[in-house]
Structure formats: structure tokens, C-alpha cells
Amino acid sequence: MHLLKVTPMLRIPTKFFGDRECDVDSIYTFPAGVPGFEDQHSFCFLTMPGSEPLLFMQSTSTQNLCFVMLPILVVDPDYKVALAGEELAMLELPPGRTPQIGRDILCAALVCSGAGAQPTVNLMAPIVVNLKTKTGIQMIHGESGYSHRHPLRLEEELVAC
Amino acid sequence: MLIMWRRAGESLLVGDGIEIEVLEAKSHRVKLGIVAPASVAIVRKEARITREENLAAALSADQGMIETLLRRLPGAVPAADSAVTSSKS
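Residue numbers (the working numbering), protein chains in the order written: chain A, 1 to 161; chain B, 1 to 89.
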């Protein structure tokens, strides 16, 4: 049986892409915000054609707040997500089972580029969201051995002679 | 750096109003109890680092950064006519 699902859309002013019609399914709730932005509880996750594999985490309430992210497995195909019991609970995931990236959760690293410096990603504290319940947290694992300033490998700039 | 050994149940004092007690010590982690004035902020170091990185990430996210990533990230789509500048209204 074919059910026509009508997904409500929301118009969100974005930092980089003007006003966007966003599918409510692409909006994630962060009950605790993220450190430094504790009052930001709602983010729209955007991908843009031609901008893969970048992922944009746009605040739905603050136009000028948009994080640039990379899927964690793009940065490190062997990345291990080890969620503690309380993190599973915050993400509304069942205890005792390792959630699968891509099926249960989306895991992405925030990109940061200092003045003129090489861009880095924070692998110590990735953004993790439950794809089903649309709940998100920033998973801070200081003991994981992953760097908060993991340098991104970039290709050399081709300079026209 | 001042280094000292403590057992579970023992504590140490920092200045006048701060006490840090080792409540439990396991092989890989210790449980601490901290008594301090309300004016003293106590955060896990990695939470402070994450806060600073988040603020820097939000500030440094701009068109220039996006264009650099799309141009130079291995496997990224060449930004010939980058959709970054397009928008659906």
C-alpha cells in the first residue's frame, strides 16, 4: 500500500543559504544545547547539492549560528563511538546495545579553522543524534584518545602557472 | 606540578574554602567529591575545551572556510558552481 506522507515544512533563515524550506524531519532537538551554546536547543541539519560531504548544523532560532561539520567516518573510517549509559539515555537509545552509525545515529565532527591555520575537526567531542527520535547531544570523551584539534587532510592547492 | 598520593576516603584542601575528597578509586578512574564556594566554577577540563572549540568553530564558519573545504577536501565535489551560493526561497 502506498501512503502519501505529507511532511510539514518550516521556513528557516540560514547563515549561508538564505531562507530555506526545511523538512521537520531534518530538525534535531538538543535538550542541553552544546557547550558554549546551552540555550540553543533546536538545529536543522542541512546538506547542499554540490557541498558534499559537508553537513551544516543551522540553529533554527539564531540565523547567524551555523556549524560546519563532517560525518565522522569521512574523517576517520575507523572511528569508534563509545556511548556511556547516561549518553544513551539522553539520546533515548536502549542501553546495552551499540548503536550503528547511519542506521541508529548520525555522528559528525565540528570543523574549526583558526586564522589562516589548517582546519581542524573535534574528534574528542562529536555531535551525535538519534535518527529516529531526532534528539541530539555533543558527546564529550576526554579519555577517548581522540584529539579536539584533529588536523584535516587537505589536498594541495592547484596553482595555475 | 604538585603531586601527592591519596587513598579513597582521604582528601586535600585547596586554599581556604575548597576540599577535594577521593570517594572511590578503581583501576581506571576515580570518583571525587568536591566542596567549594558557589562562586567557584567547577567543570571537567574536556567540557571547557569543547566550549572553547565550539565558540571558535561557530566564529570561523564562513564562506571562505566552506569554499576552502570544498576545493581541497579529498573527495569533495569541485566547487565549480558551488551550491553554497544557491538558495531556495
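In case anyone wonders, no lab produced these hints; they're calculated from the structure.
Treat the hints with caution; some may be incorrect.
To be verified - Once the Cα atoms are required to be at most 27 Å apart in a straight line, the calculated DSS-like pairs of lysine-lysine come out as:
(1) Lys-45/B with Lys-80/A
(2) Lys-15/A with Lys-134/A
(3) Lys-80/A with Lys-26/B
(4) Lys-31/B with Lys-80/A
(5) Lys-45/B with Lys-31/B
(6) Lys-134/A with Lys-80/A
(7) Lys-45/B with Lys-26/B
(8) Lys-15/A with Lys-80/A
To be verified - Residues from chain B shown here face chain A by an in silico Cβ test under 8 Å; the list is partial:
(9) Ile-20
(10) Leu-23
(11) Val-40
(12) Ile-42
(13) Glu-46
(14) Arg-51
(15) Ala-56
(16) Ala-57
(17) Ala-61
(18) Leu-69
(19) Arg-72
Said to hold, decoys possible - Counterexamples of contact, computed for chain A against chain B with all Cβ distances above 12 Å:
(20) Leu-4
(21) Pro-35
(22) His-41
(23) Tyr-79
(24) Val-81
(25) Gly-85
(26) Leu-88
(27) Leu-152
Backbone N, C-alpha and C define an ideal beta-carbon position, used for all residues, glycine too.
Are the Cα positions of Lys-45/B and Lys-26/B separated by 27 Å at most?
-> Holds. Lys-45/B to Lys-26/B sits at ~20 Å (cutoff 27 Å).
Given the hint that Lys-134/A pairs with Lys-80/A, does the C-alpha gap stay at or below 27 Å?
-> 21 Å, holds
Satisfaction of the Ala-57/B interface hint, Cβ to chain A closer than 8 Å = 4 Å, holds
Taking 27 Å as the top limit, are the C-alpha atoms of Lys-15/A and Lys-134/A close enough?
-> Distance ~22 Å between Lys-15/A and Lys-134/A Cα, so the pair holds.
Is the hinted pair Lys-31/B and Lys-80/A satisfied, with a Cα-Cα distance of at most 27 Å?
-> 25 Å, holds
Chain A contact restraint for Arg-51/B - C-beta distance below 8 Å | 4 Å, holds
Hey, does Leu-88/A actually stay past 12 Å from chain B on C-beta?
-> 18 Å, holds
If you take the shortest Cβ to Cβ gap from Ile-42/B to chain A, is it below 8 Å?
-> 14 Å, violated
Given hint Lys-80/A paired with Lys-45/B - CA-CA distance at most 27 Å = Holds. Lys-45/B to Lys-80/A sits at ~22 Å (cutoff 27 Å).
Restraint outcome when Ala-61/B is required to lie within 8 Å of chain A by C-beta distance | Holds, about 5 Å.
Are Arg-72/B and chain A close enough, Cβ to Cβ, to be under 8 Å, as the hint says?
-> 4 Å, holds
Once the shortest beta carbon distance from Leu-23/B to chain A is found, is it less than 8 Å?
-> 18 Å, violated
The structure fails hints 8, 9, 10, 11, 12, 21, 27 (numbered hints given earlier, in ascending order).
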